[in-house]
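A.B. asks: Below, each chain spelled out in residue letters.
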Amino acid sequence: MNNPYIPKPVRIEEIITETEDRNLKTFKLVFLNQADEQVFRYTPGQFAELSIAGKGEIPIGIASSPTEGKHLLFTINKVGVVTTHLHNMSVGDVMGVRGPLGRPYPIDELEGKNVVIVSGGFAFTTLRSMIAYMLENRDRFGNITVIYGARTPGMLLYKDQLKEWQDRDDIALNVTVDKEAEGWDGKVGFVPAVTREVAPSADNAYALVCGPPIMIKFTQPVLTELGFTPETIIMSLENRMKCGIGICGRCNVGPYYVCKDGPVFTLAELNEMPKEY
Amino acid sequence: MKQMLIDKKDMAGLLTELTGKMAVIAPVMKGGNLLFEPITDGQEAVLDSANTRLSPKDALFPQCEKMMSFTTDRQSEEAFIMKDIEPLEQGQVIFAVRPCDAAGLVILDKVFNQGGQAYEDAYYLRRREKTTVVGLACNKPLLTCFCASFDKGGPFATEGLDVLLTEVGDKYVATVLTDKGEALLKDKKGLSEADSASIDKANKIKDAAVKSVDSGVATDKIKGKTTMELFDDPSWDAFYEICIACGVCTYSCPTCHCFDIQDEVIDTEGVRMRHWDSCMFPIFTVHATGHNPRPTKKERFRQRFMHKFKYFQEKFDRMACVGCGRCIQLCPVNIDVRQLVKRMNS
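Sequence lines, in order, name chains E and F. Converting from the first sequence to our numbering requires adding 1 to each position, the first position being numbered 1. Converting from the second sequence to our numbering requires adding 9 to each position, the first position being numbered 1.
Pulled out of the complex, with its shape left as it was, chain E reads as follows (with noise of 0.2 Å):
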């Protein structure tokens, strides 16, 4: 009987840094057994569980696209157990993955429409996978507008991806930081600001919103003012997990698991569930 508990061994190929807080960093993963690698089928939008064999599991989104090569990425924050072990492993060290789990991005709903990415903080990680994903496969989706925010230059993402991006004419990118800082000559203001002055259009579109609590809540009347539809408005949740596959209890909302049901659902989804996220 397949155990879905199990991690897959990966080798880290590199850890890059991200952030001037050093708190940020990308983890490159690679399958030890090529079979692993195989059955691994992943759509944007969805997560693992990254497991250290003696510390623990953690749910991370993946932040790479099925479409980028064989290596996972993963954007991991220094926050917990797990995660500060996992900031002082070394590129050649062995750990396990699990999954892929939960409801990804709903790709074919997505296809032939115009989506707008509005994100801000390292949520960033799995739509970075979403923008990937669609530059990839460009001639199956309209226009792709990005709105990302983070508090200061130093705190972005993937500034060379973000520097790639912001040459292609096939994407508005759109990045902000909260202040005015030295050396950056690109927007400043806080992400529902930037969302209400980019404006972008409701028609025939999808907005994919990640991000921390505070931005989704004043972004979210934008979109609405904007035409969006709770039905056109798709965000991705948070819970604490353990299991990742519907059966653990920890990340029940409503009739829901976010780890199985989610975590992406439509904003008519979350307005039907108790705000217990």
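No lab work stands behind these hints, which were simulated from the structure alone. Idealized CB from N, CA, C, for every residue including glycine. Just to be clear, a hint being listed does not mean it is correct.
Capping the alpha-carbon separation at 25 Å, the derived lysine to any residue pairs in SDA-like fashion look like this [stated by the list, open to error]: (1) F:K198 with F:T49; (2) E:K26 with F:Q72; (3) F:K75 with E:K180; (4) E:K29 with F:D82; (5) E:K79 with E:V178; (6) E:K276 with F:V115; (7) E:K9 with F:A59; (8) E:K261 with F:M237; (9) E:K261 with F:M76; (10) E:K9 with E:R42; (11) E:K71 with F:M76; (12) E:K9 with F:K232; (13) E:K79 with E:T153; (14) E:K180 with E:A151; (15) E:K56 with F:E74; (16) E:K9 with F:T81; (17) E:K276 with F:F325; (18) F:K232 with E:E270; (19) F:K17 with F:K232; (20) E:K218 with E:E277; (21) F:K92 with E:D37; (22) F:K11 with F:Q123; (23) F:K220 with F:A59; (24) F:K11 with F:H284; (25) E:K261 with E:P107; (26) E:K261 with F:Q322; (27) E:K56 with F:T277; (28) E:K26 with F:A297; (29) E:K261 with F:Q271; (30) E:K114 with E:K26; (31) E:K218 with F:V115; (32) E:K218 with F:V295; (33) F:K215 with F:G225; (34) E:K29 with F:T81; (35) E:K261 with F:L194.
With beta-carbon atoms standing in for the labels, derived distance ranges [as the list claims (entries may be wrong)]: (36) F:K92 with E:K188: 50 to 56 Å; (37) E:D109 with F:G125: 15 to 21 Å; (38) E:R12 with F:S78: 19 to 25 Å.
Go by the hints and put chain F onto chain E.
C.D. replies: Using the frame of chain E, we list chain F on its own:
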């Protein structure tokens, strides 16, 4: 449906015979409590008492269970790689399970096998496959019993059982319900075909027992209410304040199935374990950031009952309660689940 007779005096011998072939788990007195435990001698089994302190779910979903083993010795080629632990090499029989507890196992079956390999709990299902469940009908239900409130429930219900025993004087009528039950009793000493007088007697006992479960609660209207209507009901305030969040209701419940996963390491050898957990505890849902989606006792108390009677029904089309009454018996502040259900259904 095949019905057999077993003399009470032969039962201990039958159980002892079974212990030679498989693990036999039966109610035994331990530390002043009646609990399901493995036995090695049929004499240990207590079959003439009321319901056990804890349900037999532990036999399929242990309170503490090893899931994987690993080494952190960097000299080893296997360092940091998790290895499955296959549970239960031999089969097991859980003996004298009351019908409410058997229904609890049916509910757990749904939770642990949600279809598709990615959602199958291998540990539970591997055990389940090798487990035979022998039930013992309740001739005299307790005042706290409300099993008949649920579909397919009742003191003689057969759901989840492979054999149902009915105590009739100095004999048991054994009703064989499944192939597993048939295989268990095949060629066993002391069994005979049940005569019509014994079957009639068993049916009369059944009718009397069914009538005696009078503390039923109506649950029919909960399905028609919306999640938010029940969630926002102000009457939760009337119930949650006296709760001391001890979690005994969750640990004694035959259907509660929440768990935690933890690693334990001694020197360089480790195991990944899972342990029962409880939604009544504050840290159950707290995020690494410190944010807690259910920050006070009110939200946690409400979650337990909303999950059992509303969310579970939406997901699996039945309630996650079997009316065993343990949470009523064991609650240190006398919270009665029937009062809550009554309120939710009103």
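A.B. asks: Looking back at the numbered hints, which does the structure fail to meet, lowest number first?
C.D. replies: Those not satisfied are hints 2, 3, 6, 7, 11, 12, 19, 22, 24, 30, 31 and 35.
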